[in-house]
Amino acid sequence: MEPILKVDDINVYYGSIHAIKGISFEVNQGEIVTLIGANGAGKSTTLNTISGLLHSKTGSVSFMGENLGKISPHKIVAKGLAMVPEGRRVFLQMTVQENLEMGAYTQPGSGVDADLEKVYQQFPRLKERYRQIAGTLSGGEQQMLAMGRALMSHPKLLMLDEPSMGLAPILVEQIFEIIQKLHQSGTTILLVEQNAQAALSVANRGYVLETGKVVTTGTGTELLASPAIKKAYLGG
Amino acid sequence: MTFLNFLISGISLGSIYAIIALGYTMVYGIAKMLNFAHGDVIMVGAYICFFAISRFSLPPLVGILLAMLLCTVLGIVVERLAYKPLRSAPSLAVLITAIGVSYFLQNAALLLWSSSPKVFPNFFTVTQSPAPDGTAEQTVRTGIELFGGQLKISFVTIVTIATCIIIMLALTWFTGRTKMGKAMRACSEDKGAAQLMGINVDATISMTFAIGSGLAAIAGVLLCSAYPTLVPTTGSMPGIKAFTAAVFGGIGSIPGALLGGLLLGLIEILAKAYISTQLSDAVVFAVLIVVLLVKPAGLLGKQVREKV
Numbered sequence: 055m056e057p058i059l060k061v062d063d064i065n066v067y068y069g070s071i072h073a074i075k076g077i078s079f080e081v082n083q084g085e086i087v088t089l090i091g092a093n094g095a096g097k098s099t100t101l102n103t104i105s106g107l108l109h110s111k112t113g114s115v116s117f118m119g120e121n122l123g124k125i126s127p128h129k130i131v132a133k134g135l136a137m138v139p140e141g142r143r144v145f146l147q148m149t150v151q152e153n154l155e156m157g158a159y160t161q162p163g164s165g166v167d168a169d170l171e172k173v174y175q176q177f178p179r180l181k182e183r184y185r186q187i188a189g190t191l192s193g194g195e196q197q198m199l200a201m202g203r204a205l206m207s208h209p210k211l212l213m214l215d216e217p218s219m220g221l222a223p224i225l226v227e228q229i230f231e232i233i234q235k236l237h238q239s240g241t242t243i244l245l246v247e248q249n250a251q252a253a254l255s256v257a258n259r260g261y262v263l264e265t266g267k268v269v270t271t272g273t274g275t276e277l278l279a280s281p282a283i284k285k286a287y288l289g290g
Numbered sequence: 013m014t015f016l017n018f019l020i021s022g023i024s025l026g027s028i029y030a031i032i033a034l035g036y037t038m039v040y041g042i043a044k045m046l047n048f049a050h051g052d053v054i055m056v057g058a059y060i061c062f063f064a065i066s067r068f069s070l071p072p073l074v075g076i077l078l079a080m081l082l083c084t085v086l087g088i089v090v091e092r093l094a095y096k097p098l099r100s101a102p103s104l105a106v107l108i109t110a111i112g113v114s115y116f117l118q119n120a121a122l123l124l125w126s127s128s129p130k131v132f133p134n135f136f137t138v139t140q141s142p143a144p145d146g147t148a149e150q151t152v153r154t155g156i157e158l159f160g161g162q163l164k165i166s167f168v169t170i171v172t173i174a175t176c177i178i179i180m181l182a183l184t185w186f187t188g189r190t191k192m193g194k195a196m197r198a199c200s201e202d203k204g205a206a207q208l209m210g211i212n213v214d215a216t217i218s219m220t221f222a223i224g225s226g227l228a229a230i231a232g233v234l235l236c237s238a239y240p241t242l243v244p245t246t247g248s249m250p251g252i253k254a255f256t257a258a259v260f261g262g263i264g265s266i267p268g269a270l271l272g273g274l275l276l277g278l279i280e281i282l283a284k285a286y287i288s289t290q291l292s293d294a295v296v297f298a299v300l301i302v303v304l305l306v307k308p309a310g311l312l313g314k315q316v317r318e319k320v
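Protein chains in written order, with our numbering: chain A, 55 to 290; chain B, 13 to 320.
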């Protein structure tokens, strides 16, 4: 079967800095795939390139067989590719419900209420606070809001950039439970994480990035067991 | 009673400032730029309305709508040609460009319509038909008088204040209730995240310029109805005052633009009445300086905390 997302030899520059040096990987329908690696390995840059916020000089990104090359970010969302950006980036001055409505921006108005209900079922905490300004939510709640917001666009592929960043361990656990639930309900997920242990334990497959290159790849279990990975990312 | 008269003219002038300030504040909120050409759009709007009514004898309402339409187009074109190519340029370059556009519009107006002042017609009048028995002649009234003529309120004043209230209510509804309006707020907060929601940021910025310029046209007509001398530089001083009002109220905030505009108008008129006509502008700007010393983000502005 054709992979839902195919990243083929992309090269991304920030000015003269060569940040992504020929990265290639694939995500198949129904998988959780994770990109792990240290700070500066190029994980977020890769996601931003897929979502169209950054552009790759060579190589290609294709989503469901279509080359995303020069398509602007807002049109990519409409094709079914949603991203929860690093640092959540919820609209802090808007209410919880307005944030979710913005997530449904590409959707016809008629289905929005039902989708809101679905997200509230998934994240009861958000329902309790639906009229609250997002800036007053805790970090964990903001992460839930960011994920709920992305789900409002009915993504065929959901990209999560460091969802556990800055959260207390108990919340990290919760977030990963939610990720697994989303996966079980059929969402395909591309997960970028520094928390390699947690990411690999939920992922079908993983790619290890180092300074803009893929250095290792394998299934989640393989990577968790690999001595080199253990040493570099899992604290021995 | 004189005080009440001053108060009403202050609110009326303040309403005009508020309508102009809305244009500054909305564009700043979304494009994060100071559109110093905004004041000159007011002037263009006033000229269009003037020619529509005086030269082409169109009904006043048609003249106003035509002015709004053409200014909306002007706003979109200016944004597309002058500002959009500078979207990722340093803000100083954008600022200088805006000043350039301002001079361009003023000089284009000078070339097209000459420097000789046009007398803007006052069409906010009520014509009383003559009494059939000949006891009263036909009169044209420009306002109402209360308390035996002690309190005079012109129709322009009433229309100005009512227009300002309607615009505020409409904008509050638009930004709070409609999808497009909410998308505008999302863009003003975080353009990258807005794009990830599928919002077309460029279209939203165009839309903001369109709304701001349409409002500027209304402000131009109201301004010239109250102060009927129309020259190519008519828009610059009210433009600067309204910019001050926007900063005063907290730039980026719509209620702030209303509050800032009204306060500025009131302070200006009261300073003219009780302190000195020549010093009124000095008083206005002195108050601005004091406010900014105490509240650097303006009266209703949000203090942006730097994340560390």
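Hints are computed from structural coordinates only; laboratory data are not their basis. Don't be surprised by glycine CBs; every beta carbon is placed ideally from N, CA and C. Among the hints, erroneous ones may be present.
Some chain A residues well away from chain B (every beta-carbon gap over 10 Å; in silico) [stated by the list, open to error]:
1. 55
2. 106
3. 121
4. 143
5. 171
Derived, one-sided and incomplete: chain A residues facing chain B with beta-carbon distance under 8 Å [claimed, not checked]:
6. 107
7. 109
8. 113
9. 125
10. 127
11. 139
12. 140
13. 145
14. 147
15. 148
16. 159
17. 160
Here's how the hints hold up against the structure:
1. 55: holds (27 Å)
2. 106: Contrary to the label, residue 106 (chain A) does not stay out of reach of chain B, its closest Cβ about 8 Å off (not over 10 Å).
3. 121: Consistent with the label, residue 121 (chain A) stays out of reach of chain B, its closest Cβ about 19 Å off (over 10 Å).
4. 143: Non-interface label on residue 143 (chain A) violated, nearest chain B Cβ at 4 Å vs cutoff 10 Å.
5. 171: holds (19 Å)
6. 107: Since the shortest Cβ distance to chain B is 6 Å, the answer is holds.
7. 109: Because about 13 Å separates residue 109 (chain A) from the closest Cβ in chain B, which is outside the 8 Å limit, the hint is violated.
8. 113: With a minimum Cβ separation of about 22 Å from chain B (threshold 8 Å), the hint on residue 113 (chain A) is violated.
9. 125: It is violated, given that the least Cβ distance between residue 125 (chain A) and chain B is near 12 Å, above 8 Å.
10. 127: holds (4 Å)
11. 139: holds (6 Å)
12. 140: violated (10 Å)
13. 145: At about 5 Å, which falls below the 8 Å cut-off, the nearest Cβ of chain B leaves the hint on residue 145 (chain A) intact, so it holds.
14. 147: holds (6 Å)
15. 148: This hint holds: residue 148 (chain A) lies near chain B, its Cβ roughly 6 Å from the closest one there, short of 8 Å.
16. 159: At 5 Å from the nearest chain B Cβ, residue 159 (chain A) passes the 8 Å test, so the hint holds.
17. 160: Since chain B brings a Cβ to about 4 Å from residue 160 (chain A), closer than 8 Å, the hint holds.
Checked against the numbered hints listed earlier, the structure breaks hints 2, 4, 7, 8, 9 and 12; every other hint is satisfied.
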